[in-house]
Amino acid sequence: MSPALVEVLAARLSALRLEDLPPAVVHRATLAVLDTMGAMLAGSRTEEGLAVAGALVELDGLGTSSVFGSDVRLSPSNAAMANGTSAHARELDDFGGCGHSGAVVVPAVLAAAEAARAPGGRVIEAIVAGYEAAARVTEAAGGYRAHND
1358 MSPALVEVLA ARLSALRLED LPPAVVHRAT LAVLDTMGAM LAGSRTEEGL
1408 AVAGALVELD GLGTSSVFGS DVRLSPSNAA MANGTSAHAR ELDDFGGCGH
1458 SGAVVVPAVL AAAEAARAPG GRVIEAIVAG YEAAARVTEA AGGYRAHND
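The working numbering applies: residue 1358 is where the sequence shown begins, and numbers increase by one.
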């Protein structure tokens, strides 16, 4: 039996290595992280950012992963949710990504990397893999316009 397309995609993306990526891709991934971090900081003090972080503290308590723009630390998955909300709160996220992927990919990667104490090279690999997965899933679902419509 042939593997499902998602299995093929997962195998290819999990095999990505920093040394195999073109310098321009590494540069773009670095810009995506910096861009999204700025969006997270800008959104961290919004009503939405504060409400989500506060609700996650109430629902699940404190953890070990950073919530940007605050002293709060949550579980990795909750920190990714709080930071993703902040990244998208002011519509500043993504400078040309595929449908605001930065608000999803970057907070998830940073929370997982912080929990695992992953080195920077692994962070870039995960960012590239996340953006690639987002682009391919968006296209498989009919493209960004179909998603918005």
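Note that these hints are calculated values from the structure, not bench results.
Every residue gets a Cβ at the ideal spot worked out from N, C-alpha and C, and that includes glycine.
Treat each hint with caution, since some may be false.
Claimed, not checked - Label-pair restraints from in silico Cβ distances:
1) R1447 with R1374: 32 to 40 Å
2) S1359 with A1498: 16 to 24 Å
3) V1494 with E1415: 14 to 22 Å
4) A1503 with L1419: 14 to 22 Å
Cross-check of the supplied hints:
At roughly 35 Å, the beta-carbon separation of R1447 and R1374 lies within the given 32 to 40 Å, and the hint holds. Between S1359 and A1498 the beta carbon distance is about 21 Å. The supplied range of 16 to 24 Å therefore holds. The hinted window of 14 to 22 Å between V1494 and E1415 is violated, with their beta carbons roughly 32 Å apart. Hint check: A1503 to L1419, Cβ distance near 40 Å, so the stated range 14 to 22 Å is violated.
Hint violations for this structure: numbers 3 and 4, all remaining hints satisfied.
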